[in-house]
Each structure stands twice: as structure tokens, then as C-alpha cells.
Amino acid sequence: MEKFVHLKAIAAPLLRVNIDTDVIIPSREMKGVSKTGLSVGMFANWRYTDVAARAANPEFVLNRAPFDKAQILLTGDNFGCGSSREHAVWAMREWGFWAVIAPSFGAIYYGNCVRNGILPVVLPDEAVRAIAAWVEQAPAMNQVEIDLPTQKVYAAGVVYAFSIGDSDKDMLLEGLDPIGVTLKRDPAIQAFETKDRVMRPWVYINGPA
Amino acid sequence: MGRTLIDKLWDTHVVADLGDGASLLYIDRIFLHERTGSVSLQELKAKGHAVRHKEHVFVTMDHIVDTLPGRGDKTLMPSGTDFITATRATALEAGLNLFDVTDERQGIVHVVSAEQGITLPGFTQVCPDSHTCTLGALGALAWGIGSSEGEHALATKTLAVTKPKSMRIVFNGALGYGVTSKDMILHLIGRYGAAGGSGYAITFTGPAIAALPQENRFTICNMAVEFGAFAGVIPPDETTFEYVKGRSYAPKGAAFDTAVASWRLLNDDADAAYDREIVVDCADIVPTITWGTSPGQTLRIDGAVPNPIDAKDANTRAAMDKALEYMGVAPGQKLEGLAIDAAFIGSCTNSRLSDLRAVAAVVKGRHVSPNLKKAVIVPGSTQVKRAAEREGLHEIFKAAGFEWRESGCSMCFNAGGESMGEKWRVVSSTNRNFENRQGPKTRTHLASPITVAASALIGAIADVRKLG
Ligand code: SF4
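So the sequence lines, in the order shown, correspond to chains A and B. With our numbering, letter number 15 in the first sequence gets 15, and the count goes up by one each step, no holes. With our numbering, letter number 251 in the second sequence gets 460, and the count goes up by one each step, no holes.
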């Protein structure tokens, strides 16, 4: 996984609440058993006027220059709610997004972001809207800057602090493989199982009883 | 201070404290399905990791498999067969418990997990599917994850999780005639919003919950994720233990009694404090239906579509405007009496035997409206199907003009195979009314199975209480 430390980039506003993962990557766009080739289907039902023909909808923000080069998404409450499909994050990463700024996120989507090098930033609704208004004034020039080590967003002449869990932050900063990290704790997992087998033997039944 | 049910479930599974409120939690059971199962298993193999405790990992075919009679590996969805065959091959290679297309145990993941006794009270369980929270109704901490976390759970039998805040939702009073557990959860989400439970693990409790049969409890926990919650649990009680008893993977005899003795402790201590508490009076709940494209956009069956002018902020107004346009409804409009194109009964929310019995009681001796282009009933599992057929329910459904399908997710979501028609208005017993969820531009109204049944008979959105 690539590391996330610092980013200064064009931010695209898509200010609507409850944008779900079916919208981010519709079921029909998940055609193969693979993590790649998904970006063309990202926001397909909003992005294209004719999905099958891939006819771009000129109204949709990500089809408008310079937002087509955006690496940050500014959006509304509960972004990424709904289906657990990690394809939503894979598609966004492949398209070019490195960060999403929203007042709140769907919990599973949030975790999926962290595991794929996308930084989810939680800022209050007013802050997101203020940043969006500033970006709209001059999208190419008014770029949003995010610094993960200090947990700060710089935009519209304001410094916004955000919080993130320590383990999520470390994973993003170091680009760590979480499985490798956990397997270093194998003795603790084994010790748990030894104790747990006595407490809850029914967990360790193998097959139909 | 006393501990909550959620604290107890959490504490029992802590392998290591990771600091900052996060723990490495032991995961008792993992379920996979053909939509994403093969991706996780292939990635795991490519990274050189083995599945730890393969006997605790289960795989079913539900998301993409067809539900038409006589189905096999072939699907209407282009490339759908690849998902099925790749999942089968990787599951068999890894030595996992596979409920294949023609297996008698096949069905929708969250339906079969309970039905087979795979999820037990006090368990932690994960699945790369957001409605895994359904199983919280057994007193288990169960939640949906992405594929990467799925790989992590498979390889390590653990997940690093930050402990969510806790919320207790107490349902007081009793349900009125024609009101179901589906209406309880739709009412809740409608009142507090689709993000109302965001950041929380929820305990659903109170007299109205305790009075619910086990199968109807699953419907409540199923939609915890539509409320934005991490998970939803119901304290296990005699109803739960009776449900679990004798199921295939549940402990038997003295081992069962020992387990029950420990499960009885899975409840809130008297002085346990939650971060937030909500009390709902069931006397306020009537049959409830969604008008928009978020499960929070709900209405009383006799209510009128709200006006975006009254929205609490600009982003909410933007979402309402979009929903009104998409759904083809107008502010102030009543939904009752609005003509529909199709009716769907199924999904992990409402497809169990009790749901089908309730639907049969409504439609018996009647016929769906000739205006309907489609009326479909899909049992939640092959076992539900067999049980319904033993009771002759399928004959009632067919005589009433419903299609009777094989078990699976079917038209709960449109994977590119069979779907509802473009812009069709569908009343559905499922859990998501998102744009395009059931087909291209399909307009989904979520409701209880009996509201769907009544609407199918009338050919328009109907109040089941008026059917007589
Ligand atoms: S029935 Fe619908 S909600 Fe349930 S697991 Fe299947 S697709 Fe998901």
C-alpha cells in the first residue's frame, strides 16, 4: 500500500448527504473477480447520460475541468453508507482520489479507505461547505492541503484540525500491511485461544454437532 | 459501574489492547459469498497467507446465483458464472465449509448463518456484506467488513477495531394490528435519519422487542446498518435459546446447557450506562413506507411526501430534491393509492418462514392486480423454501399470481442479471431504496412484507389494515 503523508490537490465538491456505495460503484459495474478496471464505472449513473455508451454528463462535477483532475472529494454526511463493497474505494483510488473530506462516513467505507491508502477526513459540515465555496471560486488555484502527521487541513485561509485513530493513522503514514502487523502478535492470539477453549468450548466445535 | 451487553461482547473477544480505544478482537465465525469471496481468497493466497481455522469459515452462493427454477451455475448476469466457479474453486482449495448452489443448506448468507446454528449468542462474526449485523438479533456482535478486512480475519482470526460508542434503543408498548418489526425499524430510521446511529453499536431492547419472535428480531438488526450503526444487538433470552436449540452447528445436550448458562449473562448490568439512549413508543408506529432514495426518507402509510423547503440544511435539501425527482413524487403527495408496477418479497430482511406465512395469510384466495408487471416471492434459504412448500404456501402464492423462486438475494439488488424494469415503481420488503438498486432507475418503496402483499393485490401502495 502507498503511504499517505501530505497532499496538496484540486478538490471536487459533491455536497449531498447519504451518498451510498451503490452510487459510487453500481453493482453492474463490478463485472469481474478483480480489484482493477473499476474506475470507469465510478459514479456511472451520475457521470454518464448513457451508461452503456459511456456518454459523459457535462453537468457532473468530475466531468468538468479542472475537477476531472481532483484528488480530494468534498462531500456530505454519511458518505459511503450502504453496501460494504470495497470496490467503491478501489474505483476511487484507481480514478485518482487520495482523500475524502466529509462530516461523517459509513463505517465500513471508512475502514476500507484506510486499508487502501485513501485518507478519510472528518470535518464539520460548515467547514466542508466553506472549503467547497472557496474551491468553487478558483478550482485550479484554490487547492486544498492536507497534512496527516499534524492532522491539519489548510484551505480558504483557515487551518482545520481533524482527528483520526492512532492505528489508522500509522497504517496510512507507513503504508503497512495490516496482516503482517497482526501476525507478529500470533503468540497473543494463541494464548487467547487456549484460554477461550476452556471458557467457551462451543466456539471450537468443528462441524455439525 | 456496570457493563453493557456491548461491553461484555467486546471484552470477551479482546486479544490485545491496541491503545486509543482500539482492540484486536477475536473473530469466532467468518462467512463469505460468491460476490467477493474469491477475490479475498485469491489475494490471501497470492500474499502467501493460509486460512486460520478453516472449519470456522463458511461460504454460500446467494448474491449472483440466479433464482429462477432449474438454476445452475449459469446466470443472466454476464460473467456471473465466473464469480460462482471462482468462489467454489477457491473455497474448496482452502478447505472451507461450502454451501454450494445445489446444497440443501444454500441460501442468503445471513439467513442460513442463523438457520444452521453457525452464529451463536455471544459470538463475534464478520462477513464482507453490510447486513451481517442481522445476526446481532441472536445476541452476537456481527458486522460487515470490506474485502481487505475479510482477508485479515481469514489469515489471523482477528480484526483491529476501534470500539464504537454505545446506544440503547428501548421499544415500549405493543405493536398494533398490521404493524410489524419492519415498521419499527423504518419508523426509527425515519425519525432519526439514515446517519442517526453513525458511530454507535446499538442494543435494541424493551418490552416490544422481548415480545417479538426470533425471526422478526432479525429484521430489526438487519437494518441497523441503514441507521448508520456499526452493529445492532438484542439481548438473548429464552426465545433466542429456543431458536438456537437443535440447530445443526449448535452445541447439543449438556454442552448446550453449559452454553445457555453463560449466554444468560449476556445482558446489561442494572447500572450499565450507554452513551446515548432513545425511547420509542410502539403506539406511535403505523405501517411505514419509504418515499425517497434513503431508508431515512420514510412516511406513515397515510402520510404525505415532505417538502424540501423544510429541510434542516442545504445538503439535506439537495438530497431531497434529487430523491423527489428520481422517485417521481411531489411534496405534499400521498403515497397511498399510488399505482405500482411490481412487488418484491424476499431478502435477508424479510424472507423467513414467518414472513411467508404472514404474506400467505394476506393473499390467500385473492389475486394480484392485473396492472402489475411482476410479483415475485423469493425464500431466504433453500430450507425456508422446503418448509414453505411442506405447508403449501407456494400454492397460495402461485394461485395469487406470484412467481415462486429459488433462494438467493435475487432482485434485492441488481447485479446486471434479472432486474425490475426501467423506472418501475416497486414496493419491496428489502432494506435499500438506493438509486438503481433493483434495476435501471427503478423506484423502490421499502415496506413490510404484508404491506407489499396488500399493495400487490390492490396494484397501488396500500394500507394493509384496510384490506379486511
Ligand atoms: S438479500 Fe440483499 S441485502 Fe441481503 S445479503 Fe443479499 S443483496 Fe445484501
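Keep in mind the hints are simulated off the structure, nothing from the lab. Predicted model, so just to flag it, every value in this text is computed and none were measured. Think of the CB as a built atom: it goes at the ideal place given N, C-alpha and C, for glycine as much as any other residue. Be aware that a few hints might be false.
Partial list, computed: chain B residues near chain A (C-beta under 10 Å) [claimed, not checked]:
no. : residue
1   : Leu227
2   : Gly230
3   : Lys256
4   : His262
5   : Thr311
6   : Trp352
7   : Ser356
8   : Gly402
9   : Ala420
10  : Gln423
11  : Pro444
12  : Thr448
13  : Val495
14  : Ser563
Right, here's what the structure says about each hint:
About 6 Å separates the beta-carbon of Leu227/B from the nearest beta-carbon of chain A, less than 10 Å, and the hint is met. For Gly230/B, the shortest C-beta to C-beta distance to chain A is roughly 7 Å, which falls under 10 Å, so the interface hint holds. A hinted interface residue such as Lys256/B counts as satisfied when its beta carbon comes closer than 10 Å to some beta carbon of chain A; here the least separation is about 7 Å, so the hint holds. Taking 10 Å as the C-beta cut-off, the interface hint given for His262/B holds, the closest approach to chain A being about 9 Å.
Hint status for Thr311/B: violated, given a least beta-carbon distance of 19 Å to chain A, over 10 Å. For the restraint placing Trp352/B at the interface with chain A, the shortest Cβ-Cβ distance is roughly 8 Å, inside the 10 Å limit, so the hint holds. For Ser356/B, the shortest C-beta to C-beta distance to chain A is roughly 4 Å, which falls under 10 Å, so the interface hint holds. Checking Gly402/B against chain A by beta carbon gives a least distance of about 8 Å; that is within 10 Å, so the hint holds.
At its closest, the beta carbon of Ala420/B sits 28 Å from a beta carbon of chain A; the interface hint therefore is violated under the 10 Å criterion. Interface hint status for Gln423/B: violated, as the beta-carbon distance to the closest one in chain A is roughly 19 Å, over 10 Å. Look at Pro444/B: its Cβ only gets to about 18 Å from chain A, farther than 10 Å, so that hint breaks. Against a cut-off of 10 Å between C-beta atoms, the interface hint on Thr448/B is violated, since the closest Cβ of chain A lies about 19 Å away.
This hint is violated: Val495/B has a C-beta 24 Å from the nearest C-beta of chain A, more than the 10 Å allowed. A cut of 10 Å between beta carbons decides the hint on Ser563/B: the least distance to chain A is about 24 Å, and the hint is violated.
Hints 5, 9, 10, 11, 12, 13, 14, counting from the list given before, are not met by this structure.
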